[in-house]
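Same order as they appear, the protein sequences are chains A, B, C, D and E.
Here the first sequence stands for residues 1 to 358, where the numbers follow my numbering.
Here the second sequence stands for residues 1001 to 1358, where the numbers follow my numbering.
Here the third sequence stands for residues 2001 to 2358, where the numbers follow my numbering.
Here the fourth sequence stands for residues 3001 to 3358, where the numbers follow my numbering.
Here the fifth sequence stands for residues 4001 to 4358, where the numbers follow my numbering.
Heads up, some of the hints might be wrong.
Below are the SDA-like pairs computed for lysine to any residue, each with C-alpha atoms no more than 25 Å apart in a straight line [what the hints assert, rightly or not]: (1) D:3107 to D:3247; (2) C:2204 to D:3130; (3) A:125 to E:4207; (4) B:1128 to A:216; (5) C:2107 to B:1124; (6) E:4204 to E:4124; (7) A:128 to A:216; (8) C:2103 to B:1124; (9) D:3065 to D:3104; (10) D:3159 to D:3300; (11) D:3107 to D:3202; (12) A:128 to E:4124; (13) E:4103 to D:3057; (14) E:4125 to E:4193.
The set of hints was computed from the structure by calculation and includes no laboratory data.
Spelled out from the first residue to the last, the chains are:
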Amino acid sequence: MSTPQHVSSNKLVQTHNLPSLVHRSNVSNMPAQSMTIIQINASQFLNHTYTEADIRTENIPTLSKDSLTWIHLVGITDNDQLHELLQPFNIHELAMEDILSRKQRPKIEDYGHYLFVAARIFVYKKQKLQYNQIYLIIGQNYIITFQFEPLGLLHIIRKYIQHNYSSIYSKGIDFLAYSLLDRIVDDYFVTVDEFDNRVEGLDKRLFSNSNKNLLMSIHQLKRDAISLRRTLSPIRDIIGRIVHNEFSLFSQDIHVYLLDVYDHTQQLMETLDSARDTVTGMMDVHLSYQSNHLNEQMRMLTVITIIVMPLNVLTGIYGMNFDNIPELHWHYGYYIVLGLMATIIISLLIYFYRRHWL
Amino acid sequence: MSTPQHVSSNKLVQTHNLPSLVHRSNVSNMPAQSMTIIQINASQFLNHTYTEADIRTENIPTLSKDSLTWIHLVGITDNDQLHELLQPFNIHELAMEDILSRKQRPKIEDYGHYLFVAARIFVYKKQKLQYNQIYLIIGQNYIITFQFEPLGLLHIIRKYIQHNYSSIYSKGIDFLAYSLLDRIVDDYFVTVDEFDNRVEGLDKRLFSNSNKNLLMSIHQLKRDAISLRRTLSPIRDIIGRIVHNEFSLFSQDIHVYLLDVYDHTQQLMETLDSARDTVTGMMDVHLSYQSNHLNEQMRMLTVITIIVMPLNVLTGIYGMNFDNIPELHWHYGYYIVLGLMATIIISLLIYFYRRHWL
Amino acid sequence: MSTPQHVSSNKLVQTHNLPSLVHRSNVSNMPAQSMTIIQINASQFLNHTYTEADIRTENIPTLSKDSLTWIHLVGITDNDQLHELLQPFNIHELAMEDILSRKQRPKIEDYGHYLFVAARIFVYKKQKLQYNQIYLIIGQNYIITFQFEPLGLLHIIRKYIQHNYSSIYSKGIDFLAYSLLDRIVDDYFVTVDEFDNRVEGLDKRLFSNSNKNLLMSIHQLKRDAISLRRTLSPIRDIIGRIVHNEFSLFSQDIHVYLLDVYDHTQQLMETLDSARDTVTGMMDVHLSYQSNHLNEQMRMLTVITIIVMPLNVLTGIYGMNFDNIPELHWHYGYYIVLGLMATIIISLLIYFYRRHWL
Amino acid sequence: MSTPQHVSSNKLVQTHNLPSLVHRSNVSNMPAQSMTIIQINASQFLNHTYTEADIRTENIPTLSKDSLTWIHLVGITDNDQLHELLQPFNIHELAMEDILSRKQRPKIEDYGHYLFVAARIFVYKKQKLQYNQIYLIIGQNYIITFQFEPLGLLHIIRKYIQHNYSSIYSKGIDFLAYSLLDRIVDDYFVTVDEFDNRVEGLDKRLFSNSNKNLLMSIHQLKRDAISLRRTLSPIRDIIGRIVHNEFSLFSQDIHVYLLDVYDHTQQLMETLDSARDTVTGMMDVHLSYQSNHLNEQMRMLTVITIIVMPLNVLTGIYGMNFDNIPELHWHYGYYIVLGLMATIIISLLIYFYRRHWL
Amino acid sequence: MSTPQHVSSNKLVQTHNLPSLVHRSNVSNMPAQSMTIIQINASQFLNHTYTEADIRTENIPTLSKDSLTWIHLVGITDNDQLHELLQPFNIHELAMEDILSRKQRPKIEDYGHYLFVAARIFVYKKQKLQYNQIYLIIGQNYIITFQFEPLGLLHIIRKYIQHNYSSIYSKGIDFLAYSLLDRIVDDYFVTVDEFDNRVEGLDKRLFSNSNKNLLMSIHQLKRDAISLRRTLSPIRDIIGRIVHNEFSLFSQDIHVYLLDVYDHTQQLMETLDSARDTVTGMMDVHLSYQSNHLNEQMRMLTVITIIVMPLNVLTGIYGMNFDNIPELHWHYGYYIVLGLMATIIISLLIYFYRRHWL
């Protein structure tokens, strides 16, 4: 009988509260290739990590109905090595081709005795959005996961399993699969939050002075939104198909958990969509703002030009060298002209002030 | 047998006629945490509010089939406290996690012996749109509601229950749940009306002189529309799912009431959508208006420049110091030049007037 | 047996051929409140209008299976009065609440023994688009209609009934209901045609000189399109639901008539949609046109500036007061400079002409 | 048994290869009103055209199960005349109303013993897109077609029937109906090709010098696209409904032919849609291009202004009449100033060249 | 029993890794017309290519249940020749008409004893996107393919068949059909990658100095995206319909392979869609960038104008020839004016610097 309350109290801390990016950087010193095998049953938690030359089929334990096995492979890029390792599991050639590809859109495929899931994790590295491909093979009593680079995924889940192995074992392989999927989706909260923060940050700078960087940033955020959406959308569909009981491997018992993950993907999509709408709007605002600015400058230029030009004509007239310009010989001629110029300036200033040009 | 006419005459005053924001501010002096328990049966209306230390499981009365109980909790943010309080109701861990989250998109989930509903209320506070999370647990004979801050919700519904307890009791827990949902949806009319008023207000200022604030306001309204839509849309879906009899808890008797709430959400969405379309259009109008304005200014600048420039050349020519400039010695040379200048000005003015530049 | 040919020859003249707005203005002198009762059977047409104090329940005749009754109520805004009047018909409280509201989106609701329909009519009054709310209660052998202001609806339908009462009676209450709905939809042709004419009128002014009014008009038409669409869309859905036999009150016999109305709503929607697309395009065209205009002006300004500036420098140089400027003492110096200036002007004009700037 | 190969070799030449617009103009001298009756059976092809006064019911031959009859009516606009002519066919009043209307969106209606189809043909006449309304009544062994103006439709189909009457007779009335629909759809290829050519033509002019006509043309093409789409979309739906066996009149034998027509409408829609997308994009390009152009001009103006202005100041300074300006009396003062001016010009040119402003 | 692992190891190298465009150009020296016949069974691989006059029906071998036959026809454009060649296969006239057309949108049609597939391949030739039409007839034990120009398709598939004939024969004609479709879809990766690269390349140039070419390129890429999408979308639908078991010719055994192709089309569509979104965004960015640029230039022009204009007025004043201008006779008058001018310049520079205009 399932006791959700007990297990859930140990549930993974949702990363949208505590950003787990720290974990990721910590693990970057790990060897390039690694194979971690975690095997649990009602009374035992076994955990062993093999590196480099030890990543061999012989080190994979025999699967038994009495235990759940999670094999976590990192950095396997060689076709032959992969074939050798997966030989005991009778994995389809097409799935193996996918596993070697680093550019596979998220999908779920039912190969009968196992499910094949392709997913992605996004990270903001050095201000740039980058993704890591993740693959899951979910069998009757085992899960195999593939990554090209070590991420925090393994550490967090392993710790969680270690503390709850008995309970997880009783819930079955589908609960373990759920935990992994939940972890992947939760990881998006960090990235989408980061994305959202950038959008908000940009929004605040929107009405400051114009600069090229602003435009560049808006454009980049728009592209980030497209990338994230493009990956999150099929991930949501995958969870949705699991929720709608398309795959018999997932039992009804964990339906409520899966619904929760599905709701999270939904929430992520909506956050993303409104952030994207905001970014799209920002481009329009930026253009309008520039236009406002241009208007202001042009108004200033126009006002100054209109004020100064008659003065230039006036000084030009009395700078001419005609023999017979009577005004030049008036005693107060100069002062009259200065007065006239002042009058012109003041009148035009008043005129423009009244027309709200100043 | 239900007698809708009788009860409905006491139905809640729809807030889109009388803004209920006043109620909300009145209650802001309440203690941070509170637990209000309202219990009704055919002959009795019991109401007690506990604060601070008295918010204990012991103070929650035993539920009986002969009464309807509404427990209203405000400001519960502590995990342990929540677990303790909800212990008698056997609430799923995932629901409790949601209750503690202040950022949960509206959803409805069927946990078998109870429904869990997450919703939001939006308020314009100090010109800014803010939301408050609300959660409902709807059991067979009880409803538990959760809020982080005290809103007017409790007071209005309590008063309504007090005057109609007998009738409500006869209609059952689903009618009480409907009343709460109806109240939440009605509350949106206040906010959407406020939003709509802002849009209309902006629309009137659209063709006045350009200012940055206008642009800022349009941008803000657009974001508000996105926020409101993002919340209202799942709320409508929730009501829609109830209307389509997805949840057995709601009986056919109150179907017509639910349809009415559904229609309200529909109406809200449409008001919001056309307000949003208007706001989107306003950005284009603003840009075009700025462009018109710029055109006008530039026309003015061009006209002035074209008129004055030949005059400058003319005065420049006769300001040169060549020994041999015969015109300078003509007796009426100066007056001829002045006349020429006047001719140039008048001809160009006529020309521009004819080209509709003036 | 139905004889469509016979009846249809008396069918309402479609208002999209003859604008019926004249009718509306004619009836504007009617008293504020009125109740018109039309009762027909195979051999009789009874018609009586009550005003003010006579609008009482007693004056509503007893409904019988042997006759069709149409009760047309205008200007009833009082809750109590409405309750009293509708008391014999056992109308649901929620429907009555809607009837008193002047702002209800079009909808149809099945209350079992009657259908409740909310609709709207749009009119261009003083260049502004305004709407009037209309409600219909369609019972087994009666129809009650509600309006706040007297429109032409009553007069046209009454006349039609008077000439065809026997035939209408034989067709039943659903044909009468169809006639009313058909009339409401036909009325939209007048308004949508007016809207379409405005769009066409604006389109012709689009490439004339820029003015603010154009921008304002485009913006207003866009908003009108949003309003009209927002109302027409649910009206089409209402007719669609009737056509798809959702309501048993409408018999199969008049299916072809309803299909015709449905087709009209479809046609209206499409006219509106393409008019709206045209309006949206006009905003872009306007902006581009303004931009073209600005370009032209700026080209003119640039050309003039570039031509005049070297002349200014030239006159400036020979206006300097240096003791030793040999050219000043050349006999033909002045003429050489004038020639140089002419050369500059002509060369630049040729240059700009070749670059297609002139 | 059907022998598609044989008949199809005589199939109509698809007008998208050979524009059939020539046919249309040839027939423009025909009398305003005409009735052409074509009757075929296994061994006979009868064809008679009646004009003006001879368009009478008596001249319509009795329909028999042993022959297919096609009655083609042109220019019938009188209600009474239409009623008299159609009297033998028992056509519904609503269909007749539609036939007299020249503005009916494409639709198909099943009146039981006959299908009623409304369609349109579009032609570019004098650079303007214009449409002609066509109506079809498809009975068990007869087809009646209606046009307001003589188009090429009749001539091409008649010729085709004349050469294949026996084969067509064996295939039945639905094949004849298909031939007519196929002909109507094929005619759109001419118009959509013409539209597409205009779009391509405009696209080539897009990066030439700006002119108002370009903007006008883009706007007009956009409106043409809206018109064409608005008509083609329901025509596709009509064919689609026939293909999906909604109407029993069309037998399974000609399903593959109908699928072909459906595919053509699909292809037309897609051509139209991408042409429309291109046109929409062209407006943006035009605006950007104008903006580029403005930028260039303004850069030129700015450069010239910045270069000339210091020169003006310099000549201004030494044009002043102060008693004590020592430089004026230097022997090489004038040449120094000229040298300074040359230096300023050259330095600024280098500066602007380096900033890529030149 | 199927052994996917074995066959797949010889699977076609996916062209998105190794661009296969080289292959295509290599084969461009082939004769204009050709007919290649490949026949395989469990033990034999027969391959013969006929050119020109030898492309006759007699050279097509008799089809037998014991072998799979692939007939690859290149450059057949003559109606009679096509009829003669296809005579043994009893192909429908409409399919043959399509085969002769070079402009047919992708579609699949079930003619009972064979499937007819129309597809397209896109190539970037001389910077321009061009397409080639491909047709497939898939019978019970034969496939006929049609191309107008020789592409690499034949060579790659032939080589593949040659190495795996036994295995392919055991899998049946549907696997061969799948291989061809897979090859066509894989070919799109080359083109879409090229398209994507162009988008990325343009994106990098977006914030460099403005030039017309950029605008042209954006516009062209947008049109390319429209073309590619318009073809890929129906291709995806074709594969989708096969995957959903609409056609009995494809057995369940190769379902997983088809799913893989379907996933590829999906991936292509998404790459294309986000590239298109990026391109659309680039147009906006370009416009904003131009606007920024214009702003900058105008600011510079305004600043210079405002600084210089008072200087001009000043020199103008003291260049006037009034008899009585006392300042002219001051000993330091000239220096005072120069000082005043310096003050004006410095003050204005400080002012503009503070307003962030510099």
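Results of checking the hints against the structure:
{"no.": "1", "hint": "D:3107 to D:3247", "verdict": "13 Å, holds"}
{"no.": "2", "hint": "C:2204 to D:3130", "verdict": "18 Å, holds"}
{"no.": "3", "hint": "A:125 to E:4207", "verdict": "22 Å, holds"}
{"no.": "4", "hint": "B:1128 to A:216", "verdict": "29 Å, violated"}
{"no.": "5", "hint": "C:2107 to B:1124", "verdict": "30 Å, violated"}
{"no.": "6", "hint": "E:4204 to E:4124", "verdict": "21 Å, holds"}
{"no.": "7", "hint": "A:128 to A:216", "verdict": "13 Å, holds"}
{"no.": "8", "hint": "C:2103 to B:1124", "verdict": "23 Å, holds"}
{"no.": "9", "hint": "D:3065 to D:3104", "verdict": "32 Å, violated"}
{"no.": "10", "hint": "D:3159 to D:3300", "verdict": "67 Å, violated"}
{"no.": "11", "hint": "D:3107 to D:3202", "verdict": "33 Å, violated"}
{"no.": "12", "hint": "A:128 to E:4124", "verdict": "31 Å, violated"}
{"no.": "13", "hint": "E:4103 to D:3057", "verdict": "46 Å, violated"}
{"no.": "14", "hint": "E:4125 to E:4193", "verdict": "14 Å, holds"}
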